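Undergrad: Okay, here's what each chain looks like letter by letter:
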Amino acid sequence: MEVTTEAKRIMVVALGKLYSSRTQRGGLRLHRSLLLTMVMKSARDMYHAAQETVEWEAAEQQESPAEEPTDAQMELQEGKPLSSTGEEVESSPAKLRRDAYNKENMSPPRPAQHSRKRRGKAAVEPDFLPCKKAKLEQKNSPHQLILSTVLLCEYMNCSSEVGAPPAPMPVQRAIAAC
Amino acid sequence: MGEDAESPKINHTFLRDYVTEADVISTVEFNQTGDLLATGDKGGRVVIFQRETDSKGESEEVGETGDSGEYNVYSTFQSHEPDFDYLKSLEIEEKINKIRWLPQQNAAHFLLSTNDKTIKLWKVSERDKRPEGYNLKDEEGRLKDISTITSLQVPVLRPTDLMVEVRPRRVFSNGHTYHVNSISVNSDGETYLSADDLRINMWNLGITDRSFNIVDIKPANMEDLTEVITAAEFHPHHCHLFVYSSSKGTLRLCDMRSSALCDRHTKLFEEPEDPGSRSFFSEIISSVSDVKFSHSGRYLLTRDYLTAKVWDLNMDKGPVETYQVHEYLRSKLCSLYENDCIFDKFECVWNSSDSVIMTGAYNSFFRMFDRETGRGVTLEAWRESSKPRAVLRTRRVYSGGKRRRGDVGVDSLDFTKKILHMAWHPSENIIAIAATNNLYIFQDRVNPETQLQ
Numbered sequence: 018m019e020v021t022t023e024a025k026r027i028m029v030v031a032l033g034k035l036y037s038s039r040t041q042r043g044g045l046r047l048h049r050s051l052l053l054t055m056v057m058k059s060a061r062d063m064y065h066a067a068q069e070t071v072e073w074e075a076a077e078q079q080e081s082p083a084e085e086p087t088d089a090q091m092e093l094q095e096g097k098p099l100s101s102t103g104e105e106v107e108s109s110p111a112k113l114r115r116d117a118y119n120k121e122n123m124s125p126p127r128p129a130q131h132s133r134k135r136r137g138k139a140a141v142e143p144d145f146l147p148c149k150k151a152k153l154e155q156k157n158s159p160h161q162l163i164l165s166t167v168l169l170c171e172y173m174n175c176s177s178e179v180g181a182p183p184a185p186m187p188v189q190r191a192i193a194a195c
Numbered sequence: 140m141g142e143d144a145e146s147p148k149i150n151h152t153f154l155r156d157y158v159t160e161a162d163v164i165s166t167v168e169f170n171q172t173g174d175l176l177a178t179g180d181k182g183g184r185v186v187i188f189q190r191e192t193d194s195k196g197e198s199e200e201v202g203e204t205g206d207s208g209e210y211n212v213y214s215t216f217q218s219h220e221p222d223f224d225y226l227k228s229l230e231i232e233e234k235i236n237k238i239r240w241l242p243q244q245n246a247a248h249f250l251l252s253t254n255d256k257t258i259k260l261w262k263v264s265e266r267d268k269r270p271e272g273y274n275l276k277d278e279e280g281r282l283k284d285i286s287t288i289t290s291l292q293v294p295v296l297r298p299t300d301l302m303v304e305v306r307p308r309r310v311f312s313n314g315h316t317y318h319v320n321s322i323s324v325n326s327d328g329e330t331y332l333s334a335d336d337l338r339i340n341m342w343n344l345g346i347t348d349r350s351f352n353i354v355d356i357k358p359a360n361m362e363d364l365t366e367v368i369t370a371a372e373f374h375p376h377h378c379h380l381f382v383y384s385s386s387k388g389t390l391r392l393c394d395m396r397s398s399a400l401c402d403r404h405t406k407l408f409e410e411p412e413d414p415g416s417r418s419f420f421s422e423i424i425s426s427v428s429d430v431k432f433s434h435s436g437r438y439l440l441t442r443d444y445l446t447a448k449v450w451d452l453n454m455d456k457g458p459v460e461t462y463q464v465h466e467y468l469r470s471k472l473c474s475l476y477e478n479d480c481i482f483d484k485f486e487c488v489w490n491s492s493d494s495v496i497m498t499g500a501y502n503s504f505f506r507m508f509d510r511e512t513g514r515g516v517t518l519e520a521w522r523e524s525s526k527p528r529a530v531l532r533t534r535r536v537y538s539g540g541k542r543r544r545g546d547v548g549v550d551s552l553d554f555t556k557k558i559l560h561m562a563w564h565p566s567e568n569i570i571a572i573a574a575t576n577n578l579y580i581f582q583d584r585v586n587p588e589t590q591l592q
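From first to last, the protein sequence lines are chains A and B.
Everything in the first sequence is counted per my numbering, starting at 18 for the first residue and increasing by one.
Everything in the second sequence is counted per my numbering, starting at 140 for the first residue and increasing by one.
Calculated directly from the structure, the hints in this document are not laboratory data.
Just so we're clear, the structure is a prediction, and the values are computed from it rather than from any experiment.
Certain hints may be false.
[Stated by the list, open to error] What follows is a list of derived Cβ distance ranges for each label pair: (1) B:His376 - A:Trp73: 56 to 62 Å; (2) A:Arg42 - B:Arg349: 25 to 31 Å; (3) A:Gln78 - B:Arg543: 48 to 54 Å; (4) A:Arg42 - B:Lys526: 35 to 41 Å; (5) A:Arg42 - B:Arg543: 21 to 27 Å.
Here a beta-carbon is modelled for each residue, glycine too, at the ideal position from N, C-alpha and C.
Model the full assembly from the supplied sequences, consistent with the hints where possible.
TA: Below, the structure is given as C-alpha cells:
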C-alpha cells in the first residue's frame with residue numbers, strides 16, 4: 018500500500034516539475050526532463066507491479082469480491098466484483114478486452130473517445146490527477162492507469178474537449194514535443 | 140535565513156544573508172601554473188584572481204618560498220550577456236557553465252568561457268607601459284596645432300600603472316542545439332571540445348565558423364531517448380582520447396583515430412547495478428555529474444549523487460575505488476527529490492599527485508578522501524567558522540551510533556548551502572571552494588607537501 022501511495026506521489030511531483038520546467042528561464046533542460054520521465058516510469062511500473070500483486074492476492078483469496086483494500090481510493094465499477102468468476106488474473110490485454118466487453122454491457126455508453134485510448138497496463142485511473150476532460154461519474158474499467166492520457170490532459174494542454182483527442186502519447190513524446 | 144516572524148522588530152539578518160542570484164558562482168578553475176584563478180557566475184561575469192608573489196612581510200616562517208599565497212582580484216569582465224533565440228522563443232541564460240584556461244604560450248593568458256550555447260575565447264593581457272612623446276598629439280591626446288611643432292621626437296615607452304585588459308578574441312557560436320555542459324582543451328594546444336546533452340563538437344581554437352561533430356547520441360526518434368551526455372574531457376596527454384559520461388552512469392572512452400564520428404566507444408566503463416538497492420530514484424542518483432582524468436592520465440574520477448568513484452582506464456568492469464560522500468542521504472531521497480536537491484550536480488577534483496580526491500556536499504561541507512588509506516574527512520566552508528589563518532576543523536554528520544559534540548544531525552543539514560564547484564591548485568595544496576556567492580581559498584601551510592590533517 019505504501020508503495021502505491023509513494024508511487025502516486027512521485028508521479029504527481031514529477032508531473033508538476035515537468036510542467037513548471039516549461040516556463041523556466043533558459044529553456045527546457047533535457048537532462049532533467051529525462052530523469053523526471055524515468056522516475057515517472059519507474060513509479061508507474063512499481064505501482065503497476067504492486068497492483069498486480071494485490072490483484073493476485075485478492076484472486077487467490079476468493080473472498081469478499083468487493084473493493085480491494087489497497088484500492089480503497091481507486092474507483093471500482095459499481096456492482097462489478099473484481100474476480101466474480103474466481104479467475105486468475107489474466108494477462109493485461111485479455112483482461113482489458115473482457116473488461117471492455119463487460120463495460121459495454123454494464124455501463125452507460127461512454128463517449129467514443131475513451132474506447133480509442135491505448136490501454137497499456139491494467140490499472141485504475143487515479144482520481145487525484147486533475148483532468149481537463151469531463152469525466153464520467155461511472156468510472157472506466159478498474160485498475161487502469163491511463164498515465165499517457167493523464168499526461169495528455171495535464172501536460173500537453175490538448176484541446177481535445179472539442180472533437181476526438183489524438184492518440185495518447187507515450188511519455189517521451191511529451192518531452193520531445195516541448 | 141534567520142528571520143523571526145514573531146518578533147515585533149524588523150529583523151535585518153535576512154538582508155545580510157540575501158544573495159543576489161547573479162552573484163552565485165557557477166564555475167572555478169585554476170590555470171596551469173596556479174597563479175591565476177578564474178570564477179564564473181550566474182550573471183555572466185568572470186572574476187580572475189592572481190596570486191601575490193612578493194612576500195611583503197606576510198610570510199612568517201623563514202624558508203618560505205616567498206609566495207604569500209594570497210589571491211587578489213586581478214580582473215573582472217562581463218563574459219556573456221543574456222541572449223534570446225528568436226527561432227525557438229527561448230531565453231539563453233548568461234550563466235557561465237565552465238571556464239578552461241589555455242596553456243600559456245606568451246605573456247598573455249587565454250581562457251575559454253561558455254554559457255549554454257556560446258563559447259568565447261578571452262585574451263587577458265597586462266599593460267604596464269605606455270608610449271609618450273607623440274608628435275601630433277599632446278599629453279591628453281588632443282591634436283596639436285601643426286604650426287607649433289618645431290622638432291620631431293621619437294615616442295618612448297614609459298612605465299605606467301598596471302592595467303589588465305581583457306578582450307574577446309573568438310566567439311564560437313551556433314555549434315549547439317542543446318545546453319553546453321563541458322568544454323575541454325586538448326593537449327595538442329590547438330583544439331578543444333564542447334559537449335551538450337546529445338552532441339560533442341571539436342573546434343580549432345582559431346576557427347569559429349565550423350566545428351567537427353565527434354559524438355552524436357541523438358536518436359532518430361526522440362521518444363527513444365534514454366540517456367544524455369553529462370560531462371566530457373580530453374585525456375591530459377593523448378590528444379586522440381577523450382571520455383564522456385552519461386546520465387545512466389556509464390563512461391565512454393573514445394579514440395578519434397578510429398573514426399571521424401566516435402559514436403562507437405573504444406571502451407565502455409559501467410558498474411553493474413546492485414539489484415538490492417533499487418529504488419524509484421536509482422536512475423537519478425546514478426547519473427554522473429562530473430568526470431575528471433587524473434593528472435597521470437591513468438585514472439578517471441566520477442561523481443554521482445551519493446558517491447565518488449575512481450576508475451582505472453585499463454579496467455572497464457567497474458570502479459577500482461568507491462567513496463561514500465553522504466550515504467546518510469540515501470534514506471532521504473524522496474524529500475531530496477521533492478525539493479529538487481536530487482538534481483544537484485556536484486563536481487569532483489584530484490589533487491596534484493592524484494593521491495587525494497575532493498568533492499562537495501550540503502551544509503557548506505566538502506569531503507576529501509585519501510586514496511591510500513581510503514579515509515575521508517569532512518570540512519566546512521563557512522564564513523563564521525573560518526577566520527583568516529584559522530585551521531579548518533573536521534566536521535561529522537551524525538547518523539546513528541555515538542554522537543560527539545559538534546556533530547550535525549542529518550535533519551539539520553542546510554540543503555540550500557551546497558558546495559557544487561571547486562578547484563585544486565595544479566601543484567600545491569591550495570583549494571578553491573565556491574559556496575553560493577562566496578569563494579573560499581584554503582591553503583595547506585603546515586606542510587606544503589601532501590600530508591592531510
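Undergrad: Each hint should be assessed against the structure and marked as holding or not.
TA: Do the hints match the structure? See the list:
no.: 1; hint: B:His376 - A:Trp73: 56 to 62 Å; result: holds (59 Å)
no.: 2; hint: A:Arg42 - B:Arg349: 25 to 31 Å; result: holds (30 Å)
no.: 3; hint: A:Gln78 - B:Arg543: 48 to 54 Å; result: holds (52 Å)
no.: 4; hint: A:Arg42 - B:Lys526: 35 to 41 Å; result: holds (37 Å)
no.: 5; hint: A:Arg42 - B:Arg543: 21 to 27 Å; result: violated (44 Å)
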